[in-house]
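Novice: Go ahead and model the full structure; you've got the sequences and the hints to work with.
Going down the list, the sequences are from chains S and F.
Counting from 147, one number per residue, gives the positions in the first sequence under the working numbering.
Counting from 9, one number per residue, gives the positions in the second sequence under the working numbering.
I should point out that these hints are in silico values taken from the structure, not numbers from a laboratory.
The beta carbon of each residue, even a glycine, is placed where N, CA and C say it ideally should be.
It is possible that part of the hints are untrue.
Claimed, not checked - Derived, one-sided and incomplete: chain F residues facing chain S with beta-carbon distance under 10 Å:
hint : residue
1    : 28
2    : 34
3    : 64
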Amino acid sequence: MPLNTTTTPPFVAVLVRGLLAGLIAGLLAGAFAYVAGEPHVEAAIAIEEAASHADPATAGAHDHEDALVSRTGQRGGLFLATGLFGAAMGGLLATAYVLLSRRRRGDDDGRSGLLLAGAALLGAVIVPFLKYPANPPAVGDPATINQRTVTYLLMVVLGLVAVWAGSLGYRSVGAQAPTWLRAAAAVGGFLLVTAVSYVVMPSFQEVPADFPATLLWSFRLASLGTQVVLWTGIGLLFAALMHHERRRRAGTALPST
Amino acid sequence: MSSSASSQPVVHPAGSARLLWTALATVAALTLLAYLVAFDQGAVSRSGMYLHELMHDGRHLLGVPCH
Ligand SMILES: [Zn+2]
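Specialist: Right, dumping it as structure tokens:
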């Protein structure tokens, strides 16, 4: 009984594609981070070590000298981290895609996969980043790490809520309303939640006074770029893989490549 | 069996519940994986600080608070 031949494929088929898209996008993000970010990490570690040599009492949480993993190992571990993290994010995106597809009519051919990746980039990356930007080694007080971790995670959740409020605003204005009005309602809902959470959540100013501003800026740009590569990659690869899967299931696939 | 509703995914209540549980288990497993990369300090991975240190640069460049 061929149900759903042209609608959403089984959960496992979607999940595998999400994991694969995430793994590949994660490795691409790792390559970007290696080229664009590692020089700044190295420079920041040099500053961190100079500081801890000058005053051993203020040595940071990591002692990079008798570390478990060498710096070479950590540079390679970058790819392990982004690959695994990417696979996890791709799998979560695929799960959200399947759950939401039950409310969707018929085929969307990748559009909602791309929309979900864009929503995740905005809500889980850009909104938290503007409140709690990434920090290189030597920036951040080890005494507040638990507080900063919890507030960062909360900000990720609030960012996703903000995107959800935006989509709620978009849908709350009737479909017959002009597009600009629906867009304005979406922006309004998103900005309302974002602004309130920025005001309510605590701020941390822990950049050492003598830390080079250009290095901080370059590192943060590279960090944001890494996440942009990750989510752009997940969205595009997932949409492409799902497109092929649908074509295959519909029996209209071109001779296999 | 009518084929008139072919544009609407057919959702069976039982299949729907099973899908929800599968999805929930998947989300839990993937959240654990992301946690291992982004936050674990050996408590879950049972590798001491080895995995934490190995993925140190990834954590910084993904924008997660590290130290
Ligand atoms: Zn660190």
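Novice: Compare the structure with each hint and give your call.
Specialist: Consistency of the hints with the structure:
1. 28: Nearest chain S Cβ about 8 Å off; hint holds.
2. 34: It holds, given that the least Cβ distance between residue 34 (chain F) and chain S is near 5 Å, below 10 Å.
3. 64: Interface hint status for residue 64 (chain F): holds (5 Å vs cutoff 10 Å).
Comparing the model with each numbered hint stated earlier shows that all of them hold.
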